[in-house]
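The lines below spell out each chain.
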Amino acid sequence: MKTNHEEFEPRIVGFLCNWCAYSGADLAGVSRLKSAPNIRIIRVMCSGRVDPSFIVRAFQLGADGVLVAGCHPGDCHYQEGNFKALRRILMLKRILAEFGIDERRLRLEWISASEGEKFARVSTEFTEEVRRLGPLELRADVILQPLGTEQENEAYQLSPGLNGTIQQGVAL
Amino acid sequence: MSKPKLALYWAASCGGCEIAVLDIEEKILDVASFFDIVFWPCAMDFKYKDVEAMPEKSIDLCLFNGAIRTSENEAMARLLREKSKVLVAFGSCAAEGCIPGLANLTTREEIFQWVYSESPSTVNTDTVRPRTHVSVPEGELEIPEFYDTVRTLAQVVPVDYSIPGCPPQAPQIIAVMSLIMQGKELPPPGSVIGAGEKTCCDECPRVRKEKRLKRFYRPLEIEPKQDECLLDQGIICMGPATRSGCGALCVKANMPCRGCYGPAPNVVDQGMKMISALSSVIDSQDPGEINRILDQIADPVGTFYRFSLPDSMLRRKQLR
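If you read the protein sequences in the order shown, they are chains A and B.
Take the first sequence: its position 58, counted from the start at 1, is 58 in the numbering used here, and no numbers get skipped.
Take the second sequence: its position 248, counted from the start at 1, is 248 in the numbering used here, and no numbers get skipped.
Accuracy of the hints is not assured; some may be wrong.
[To be verified] Simulated pairs of lysine-lysine, BS3-like, Cα-Cα distance not exceeding 30 Å:
#1 A:Lys93 <-> B:Lys5
#2 A:Lys93 <-> B:Lys211
#3 B:Lys214 <-> A:Lys93
[Unchecked claim] Pair ranges (Cβ atoms, derived):
#4 A:Glu128 <-> B:Thr106: 27 to 37 Å
#5 B:Arg129 <-> A:Asp26: 24 to 34 Å
#6 B:Ser280 <-> A:Glu128: 45 to 55 Å
#7 B:Cys42 <-> A:Asn18: 49 to 59 Å
#8 A:Asn18 <-> B:Arg292: 28 to 38 Å
#9 A:Glu137 <-> B:Asp295: 23 to 33 Å
#10 B:Pro158 <-> A:Glu9: 54 to 64 Å
It is worth saying that the hints were derived from the structure and are not from the lab.
For each residue, glycine too, the CB sits at the ideal point set by N, CA and C.
Sequences are here, hints too, so could you generate the full structure?
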């Protein structure tokens, strides 16, 4: 483990909803707001689309933190996808803690399309928080690696497309 | 013509899978007459050296139950893989890690600390701990190493098929054995056999409604209504995240599904799917209230991963 956390650049995967948070991030960009560049963004149609296994897969592929951001309560394009995300993440945080992963590595935020400033602030704050927590460093046997036969490896992974997307996000 | 050779072995398991093999009742006679049983330590007297003496790939079918907990389990998994044409992870322990796998929420050191020092029934003033090697006047003795992490069979050696279940149910074992004995073609290697292709809910006779839950109950806290979906009644039932094949035995006996048939087809992680399913039906939009509702779930990891922790994405508790 790196002892000097100052040198450590956190890898953060951000699942941003198409309708609000992604537009918010876009606004932060076009407004040329300054923010930490550590978040690798994966656009999803809704924060409610983010299955808990996507989040764990990101950790398994090397992410130190995961941000899920969606529309404010009441604003979901699909009525209540963001509430499903809220409940999932509250439950997943408990499970992560039992697995020995600090629940602060997972963060849920509501960011509207007009809140470029909030996206920039959240990115910077979350990056600093993960930096303080240090690298995740899962045990070697949990980091995604080939196991057994090819069929098993296939069965073990998510659909290649999705897995690839998360992998690219982490690797950026 | 010589008969096909069959081996059965148990690693870290309770012995229930061995009984499940006998649960096929008179069909066991067909199995015994069709196969030449060359290794079955639970039922017949064989030694490891008998297996070592066998030529490579000379066992036609090996049903391996139990998880990999010790170096002995691992050595036997490697030996039987080498000697077997078809190696089957038989039962939940070999396939997903099962109850022994829940020890992955702790460590070898913590387990030894409890078993050899702290548990109230332990008297061990010399703090004796198991050692893999010890010298006695007669020479050096060796016992297997107890690993830190429980693994599934497929995490140690390549496995051809898995038969899930704790234990696999007799009709499923009969179906698989008949398929083999009739010389019918088996599904492609890597498949789960002796199970269904849907979820436990698909076999459940109870009536489901639109779920809206504000309260979870443990089975001991409520008397479930006979015909209604248990999850609708607030009892955490793993049915939605569990593979079909058992015939919904537990729910028919008024107990929730505990998930022993493993993740449903195409699901990577049973527990994560259960989080997804349960989160969708909690009837609240307020973080405080949601947390109060979640507080009612006793032992979430033990509930969602009761049978599949070593095979889950995170496999074990991380240590910092």
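Verification of the hints:
| no. | hint | in the structure |
| --- | --- | --- |
| 1 | A:Lys93 <-> B:Lys5 | violated, 49 Å |
| 2 | A:Lys93 <-> B:Lys211 | holds, 23 Å |
| 3 | B:Lys214 <-> A:Lys93 | holds, 20 Å |
| 4 | A:Glu128 <-> B:Thr106: 27 to 37 Å | holds, 33 Å |
| 5 | B:Arg129 <-> A:Asp26: 24 to 34 Å | violated, 60 Å |
| 6 | B:Ser280 <-> A:Glu128: 45 to 55 Å | violated, 33 Å |
| 7 | B:Cys42 <-> A:Asn18: 49 to 59 Å | holds, 57 Å |
| 8 | A:Asn18 <-> B:Arg292: 28 to 38 Å | holds, 32 Å |
| 9 | A:Glu137 <-> B:Asp295: 23 to 33 Å | holds, 30 Å |
| 10 | B:Pro158 <-> A:Glu9: 54 to 64 Å | violated, 38 Å |
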